[in-house]
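Please work from the sequences and hints to get the whole structure.
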Amino acid sequence: MLQWLQALVDGVLVGGVYAIVSSGLSLVFGIMGVVNFAHAEFLMVGMFVAWFAWAYLGIDPLLGSLIALVVVFLFGAGIQRTLIRPILKAPQVAQIFLTVGLLFCLENGALLLFGANYRSVSTPYQTESLRLGGIIVSLPYLLAFLMSGLSGGLLWAFLRFSRTGRAMRATALDPMAAKLVGIDTDRMHQIAFGLGVGLTAFGGAVILPYLTVYPAVGAQYVVLMFTVVVLGGLGSVAGAAVGGIAVGVIQAFSALVFPVQLQNLVLFLVFIAVLALRPQGLLKGASA
Amino acid sequence: MSAILSVRNLTRRFGGLTAVNNVSFDLSRGEVLGLIGPNGAGKTTLFNLLVGIHKPTAGSIRLDGREIAGLAPNRVARAGMTKTFQNVALFQESTVLDNVLTGGLLHEDVAGARARAAAILDRVGLAGIAHKLAGDLSFPERARVEVARALCTRPAILLLDEVMAALTPVEMEAFLALVRTLRADGLTLIVVEHHMHAIMTLCDRILVLNFGGLIAEGTPREVAHHPAVIEAYLGKAYAEGGADA
Amino acid sequence: MTEAVASPRAAALRPGRAVLIAAVLAVALAVPLGLDPQGYPIRVLTLTLLFAAMGQAWNIVGGLANQISLGHAGFFGIGAYASTILLRDFGLSPWLGMLAGMALAALAAAALAVPTFRLKGHYFALVTLAFGEVMRVIANSWSSVTGGPVGLSVPFAPDSLWMFQFGAARPYYYICLGALVAVTLVFWRIKAGALGYRLRAIKENADAAEVIGVDTFRAKLQAGLISATLTAGLGTVYAQFSYFFDPDTIFGVATISVRMALIAIVGGVGLTFGPIVGAFFIIPVEEFANAALAGRAAGLSAFVYGAVLIAVILLKPEGLLALFAALGKRWRERRR
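Chains as they are written, first to last, in the working numbering: chain R, 110 to 397; chain C, 257 to 501; chain W, 65 to 400.
These are calculated hints, taken from the structure and not from any lab test.
Small disclaimer: the values here were computed from a predicted structure and weren't measured.
Virtual Cβ for every residue (Gly too), placed ideally from N, Cα, C.
Looking from chain R toward chain W, a few residues come up when the C-beta cut is under 7 Å (computed):
(1) V202
(2) L221
(3) L374
Quick look at the structure:
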């Protein structure tokens, strides 16, 4: 019993990070209609930014996550301008393969620049944990969860209340109408893409205290992130939160039952099943 | 004569909206039946139910005595009923011949379908543009290709969904002449059309649909003078003498 | 008039093209005779032919049915594992193992078709991607049968056509050439035949296709089964040619799935000669990049690969054949 409760806690903590990491992917789809296969690579980029900030400037990854957000936001906005914008109206084949090409370039660009080494940070709280009854709550997991929750709340408030956020939602709902009322939809796309990949990079930075970074780390997250957004409904940021927690818990529970190599298998099967049965997501109607 | 098509209590709901409500009618072999009603009355939904694009919520559709409600559209086509599309749904990047030929593959191999398609194109007056791309055609040409493609499936019943919508009066007359020849060959037709003149001169019998339900049925003369119809629909269009609703 | 319209237009080859094809085939048959049967160039050519055939098999689904699969590595790996395991455990000829792998892949494709037949575009790509990954995870974890992450070696046998094993590359070259011709013929037959018409109709307007009698599920299923089966057969050829493979390579997204698609796209999606042109561009470029920079810059070839993909999509999404056609037209006009 206790081990299931422990798994539930672990799953929720990890799932919170999955939520923020995947909300960026959902945001990009919701506002631009582009499924970005390269999205998980920005998690890797964010981890590298945070690692370098830690290694050379001594900045804790939890703070470095803000640097990762800003740097990757700008990087993403540049990529949107040069690569994504030209294919916004192209057939889906073109969109799929452009972002797949981007995936290879980012992963292998990192390999060329930084080598295949695994890098990790050391922080004072890395091995700390809290005990609640029989449940152990790992401190780095908890901090990452809290940072994710905080940024998720800020994202929600931004989309809901800020002028830009509302303009972005308007662009998602009806680009023509948004244009007519004077919204610069092109700029909204750029902000949405920058913000989407920036949030994912942020998520990458906050998990750095308990993980290691290497160029291929993004590959671990590709199907995971799509499972999260498909569970929550492609394009729904609120859905990504629910999907993230769900995936975290599914992973943690399946780890109790199956050998560790099969953990991802369960995830993939859930993913295929969801797409087959409810491609519009488990929650319906909630939009960005 | 026995009915080729019997529709009983056909109903389709989308969420809270009842698009087609408890519709029943019979269609005799060789008959041309008109289906009219204001916008949103459920005409296209009814067509989509008949050919299987939508599944009925309740009710039965019998074609030659065989229940076809709920079958996939390709099964309905095989059973002998097909339709043209309201907004013209040609295969834009294929040639006219290839569009029509694809319909023929239902019963024949490619060579047989090609020969049949060529004969049909000849008949509907499109042989000269057989190798043009469907995407490059004019409106009257597109309407004819839609009909030709449907004919190539060798239907017993053909549903025409506002196929004359974009035509000028002259083009429409030519098109009506074509439809009359099809009828003379024994094809059974159901026609949805906003052009009252077309409907009144073409059809043996007319059904009037409003808010998803049948409100009147009869010969063109009867329907034109039916009080419920005049109120619901013709009051605005036909009584003012306009051919265009 | 009727006769003129009815004469088969697409099915017949123009005489000029038939001569060209015969000439290219003759050259393809003759080339290995001038090459060292053990050498590097013939190995690259063999690999190129094999990947051209793989791109062609993908083209049946991706080009004709417009279903963008990112999981064909799943079928490829099934073919490689099936024949190799049957050879290792029962000494079965890989030719028979190939048939077993093809049957297994057809089963997998049919199982996959049930959840995916309604899906289009991104969603289809995502599910097939997950399918390939499922196969990779299974191969990695089911060590007792697959050998696990370490991979699998083809048991050594002396030169024998029946055991599909040769010391030199030359026989493999001819086998791959034969495979390419066979897959291309299948592709061409489908494209010109009833299934091709049906798939084009579905691609352009699935509702209209259904209403005029096209069974869309069946047509997609047929295309998917044929494509998966051929891909599995090529997986066996790959296993025999390379002697060794591991789950991450044979079920890889980048190494197999995307590469198959890329080859078709670079040459020209849906065109009969697209994947051949694509493979003769991509594979030599990759090999050259790898050879020139071997070991020194890990990741460079994959980086270049991604960059080529991006460049093709941005500059010439219709592929190289369209580019050649445009250049050829301009050249002819200038001569006039």
